[in-house]
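Enquirer: Below, each chain spelled out in residue letters.
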Amino acid sequence: MKVVACYKWVLDEADLTIDSKSRALLTDRAKNKISEYDRNAIECGVNLVEEAGGEVIALTAGTADAKKSLKDALSRGPVQGVFVKDELMAQADASVTAKVLAAAVRQIEAVDLVICGEGSSDGYSQQVGIRLAQHLGIPVITFVNKVSVENGILRAERKLEEGIEVVEVALPAVLTVLPDINKPRIPSLKQILGASKKPVKEISVADLGLEPAAAEPRVQRTELLGTVMNRKHIRFEGETADLVAQVLEVLNKEGLC
Amino acid sequence: MNFELNEEQQMIQDMVKEFAACNVAPIAAEIDREHRFPAELLPKMAELNLLGVPYPEEFGGADADYVSYVIVLEELARVCASTSVIVSAHTSLGTWPIFEFGTQAQKDKYLNDLTTGKKLAAFALTEPGAGTDAAAGKTTAVLDGDEYVLNGSKIFITNGGFADVYIVTAMTDTTVGTRGISAFIVEKDAPGFSVGEREHKMGIKASSTTPLYFSDCRIPKDALLGKEGKGFKIAMQTLDGGRIGIAAQALGIAQGALDASIKYAKERVQFGKPIAAQQAIQWMIADMATEIDAARFLVYRAAWNKDNGLSYGKEAAMAKLYAAETASRVAGKAIQIHGGYGYTESYPVERAYRDAKITELYEGTSEVQRMVIAGNCLR
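In order, the protein sequences belong to chains A and B.
The opening residue of the first sequence carries number 127 in the working numbering; numbering runs sequentially from there.
The opening residue of the second sequence carries number 6 in the working numbering; numbering runs sequentially from there.
Simulated from the structure, these hints should not be mistaken for lab results.
Among the hints, a few may not be true.
[As the list claims (entries may be wrong)] No farther apart than 25 Å at their CA atoms in a straight line, the calculated lysine-lysine pairs in the DSS-like style are these: (1) Lys194/A to Lys22/B; (2) Lys323/A to Lys22/B; (3) Lys278/B to Lys358/A; (4) Lys22/B to Lys147/A; (5) Lys316/A to Lys114/B; (6) Lys22/B to Lys309/A; (7) Lys278/B to Lys147/A.
[Stated by the list, open to error] Label pairs and their computed distance ranges (CB to CB): (8) Leu137/A to Thr183/B: 38 to 48 Å; (9) Phe8/B to Leu369/A: 53 to 63 Å; (10) Glu52/B to Ala236/A: 48 to 58 Å; (11) Glu375/A to Asp298/B: 53 to 63 Å; (12) Thr189/A to Lys232/B: 56 to 66 Å; (13) Pro325/A to Asp138/B: 49 to 59 Å; (14) Thr153/A to Phe8/B: 34 to 44 Å; (15) Glu9/B to Gly180/A: 34 to 44 Å; (16) Asp368/A to Asp298/B: 54 to 64 Å; (17) Glu365/A to Val274/B: 24 to 34 Å; (18) Val274/B to Ala371/A: 25 to 35 Å; (19) Gly263/A to Glu9/B: 18 to 28 Å; (20) Glu375/A to Ala282/B: 46 to 56 Å; (21) Pro265/A to Glu39/B: 45 to 55 Å.
[What the hints assert, rightly or not] From the structure, some residues in chain A lie toward chain B, with a derived Cβ separation under 10 Å: (22) Lys194; (23) Asp198; (24) Ile312; (25) Leu315; (26) Lys316; (27) Ile318; (28) Ala321.
In this text, a Cβ means the ideal position worked out from N, Cα and C, and glycines have one as well.
One chain only, chain B, in its complex shape:
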């Protein structure tokens, strides 16, 4: 069993680290403070093929493996969790359903533009009354001649307002529970479609999170993704993969917080010596490093399973559960190590702390992950 990254994966890690250091880190605090979506990063990431990492070259992707994709997301999140989730939501949630379930015509129409960054994607499942209970959505889609007419709303949609393409779930049959949910590709200029005000969030402030409104929104009949009634399955499978991305984001947040803590502990002198010489600090660092490594191997394992055609639902849930809770714990300890300075915006750890929490919530809360894992273990 080889626990090391291969040569290409190592090079990819170095490349994204360099890109993140030169282009993302210098603006990370500013875009967080200003709640600004970093649109200027998209063409730069597209040029480096970071917006279509795991997709085949025939669709404009980089044809890299999922472990490489996870590495990309982690290295971005190390300096900016918002940038990481922009890529993750676009790649795993918005693009993947078209790649996996789209017709050839849909793939031809959308994939190349998405993987090359000409267009941005988003995924819209959550509704005001349907979060963890994803099947309780009320948005409807009624077939009217050659069009579907959508009515309803979505909430907390990542990349909302900046995406060109949205994967939207809606009920085509309200009488059969989850078997009545279908998935659709909705373009941003579809008549009757609008985007609401951006949420003001605790963290990942540069990531745009918005409601979406469908008011007799008309989309072509061939915007149906897969078959009618398969939308819930599409959504759940999409989230399985998306979980690996969020796990990677959490991992990056944690690693960034640890890196900052180690640097600070070596520099901060109290009682005549660096605080790194104090056992209390050493033990905190040791615990943080160990938990992060454990999280890392769970994340890599889930990605490896996906790369090798093995089932990965349980593994992705484990990775996301553990990495997310690790990120919150590690970020909290990072502030502790920084002391009062860690509570100020002058140091990056307070942002890590605020950013970490969302990883326990979106793309399935930690409770949902526990349900998935238990369901797997107990069948």
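This is chain A alone, in the form it adopts within the complex:
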């Protein structure tokens, strides 16, 4: 089974701070990482091929900076990496990303399964996987938290608000996975050191046969500001029993209990 696990190189949200006056996001001290949910996607792919046989190819699209992600991705089990390296990706929205990834998947050929995180840990638009499937003309299963493959049939459990839905689909297909599908492995030292020996194919958007116009984003971010949480500043006074009753009343009004 040939699996492509897609991932995005994002800013580490733990390093982000907000300027208290302007509410601007301060990213100068932020390092990058593979998006959390995409680590789940890679792990999912590796688990599936460990059980059913096959290989996982790690695929990412980004600017030159994203090259740093490849060894990390490859240390987690994929046998090779494909990196669509293009400065056009700096402005890419979900529609562009999906188009580019779809073209890359077509170039890889004979892919049985594409796995994405349910959303990236920066934008979390939850669109890329679905758009990608649409471009490839194959089914997509979203919100997956359990999956198995047998005889070319994929069986997935989807965790929805109302409950768990179990679906089956014939491959090829696209999956978008939830973070509780697995706990991504911590790569061992040997896996880390072995990552640099794995092949990486580097291509541009043009190499995929896409015109620059295809990489024009349809959504443009004009501003990114931290949210403000307005404190209610409610003061309670009185004896303990009375205080508890007051607090409960307020919480009830807020619909919190």
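We have chain A already, so just place chain B on it with the hints.
Expert: For chain B alone, kept in the frame of chain A given last:
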């Protein structure tokens, strides 16, 4: 000159940080409080190849460089100094002598099991009357047919009672001083070998430190490591490398204490603002950070020298001396920054303070390091 970690080293650092956060940090305070050796961590570390970091793949090791090894020890020590020294003693003191001085048969017999964590190693040089004066040991080894018979005792042995393999020094000739000391590989079930009660220590309480007793302990003749009379040299060279490990441990203790102090200083509000806004605190943080960075580069330099086949005895001594004394200073300042809370077990800095002190003592006291450095400078 590139002062940055390379990509692999950075990834290794991230990996060990993640492992330490998920598996070690949650139990660090508990194993310290309970004086419990964290045996459950050994298979997990083995799975990540953390018990044979610098050894070649042919012997089951990860074939990583010494800088990477130092990074592993530092990141473990950041959250738990005991776990770090378990790995350091096993890797640098217990496994290295076999790798460096063992016969092919000894390497085949022991190395793969040690580097893959199937067995744990320890190193036994120190005796009740022979600490800094390591040559004053009285444990003897007498050749009797096809066996050596060991008599004597060792003290303060890290991993004692949990190790499967011990590198033990003993006198094969009591008349020629250090040239009469030999080194041996003693397995835990050797007849006449026993382990004493664990020491109750000020710090690194989860690390097992025990005496060892040899009472007509019989080991095969081929348990001799290297040649007779080469044991002191083996021990000193082993300690040179071990020093880099302890320097890394000290570095980690210091860094962990600084991290905790920065976090606390930003959160603790006094006089209407975080104490981080007070210059007294800022200057303490600045001094701690600077000393730690200085220690870091001494440690990395010693490891780099070893990786590049350069001599590293003086450099390792400098690294251990400075990193150990830095760890004690930084841990003390960390408690100061935390105030009264820092004195309680609710915060990790009191453990850092207790753990730091041993780094000035074992694998050669700071005074011994000064002797080594001066000896190098003045020759």
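Enquirer: Does the beta carbon distance between glutamate 375/A and aspartate 298/B stay inside 53 to 63 Å, or does it fall outside?
Expert: The hinted range 53 to 63 Å holds for glutamate 375/A and aspartate 298/B, with Cβ atoms some 55 Å apart.
Enquirer: Starting from lysine 278/B, check that the Cα of lysine 147/A is at most 25 Å away, please.
Expert: With Cα atoms ~17 Å apart, lysine 278/B and lysine 147/A stay inside 25 Å; holds.
Enquirer: Once the shortest beta carbon distance from leucine 315/A to chain B is found, is it less than 10 Å?
Expert: holds, 4 Å
Enquirer: Per the hint of 53 to 63 Å, is the separation of the Cβ atoms of phenylalanine 8/B and leucine 369/A within bounds?
Expert: Holds, at about 57 Å.
Enquirer: Using the beta carbons of glutamate 52/B and alanine 236/A, state whether their distance is inside 48 to 58 Å or not.
Expert: At 33 Å between Cβs, range violated.
Enquirer: With a cut-off of 25 Å on the C-alpha distance, tell me whether lysine 278/B and lysine 358/A pass.
Expert: Answer holds: lysine 278/B to lysine 358/A is near 22 Å, not above 25 Å.
Enquirer: Quick check: does the Cβ-Cβ distance between leucine 137/A and threonine 183/B fall within 38 to 48 Å?
Expert: Given about 58 Å between the Cβ atoms, the range is violated.
Enquirer: CB of aspartate 368/A to CB of aspartate 298/B, is that within 54 to 64 Å?
Expert: At 56 Å between Cβs, range holds.
Enquirer: Using Cβ atoms only, decide whether lysine 194/A comes closer than 10 Å to chain B, and label the hint accordingly.
Expert: Holds, about 7 Å.
Enquirer: Given a hinted range of 18 to 28 Å, is it respected by the beta-carbon distance of glycine 263/A and glutamate 9/B?
Expert: violated, 46 Å
Enquirer: Straight-line Cα separation of lysine 194/A and lysine 22/B no greater than 25 Å?
Expert: holds, 19 Å
Enquirer: Was the hint right that alanine 321/A lines chain B, CB cutoff 10 Å?
Expert: Since the shortest Cβ distance to chain B is 8 Å, the answer is holds.
Hints 4, 8, 10, 14, 19, 20, counting from the list given before, are not met by this structure.
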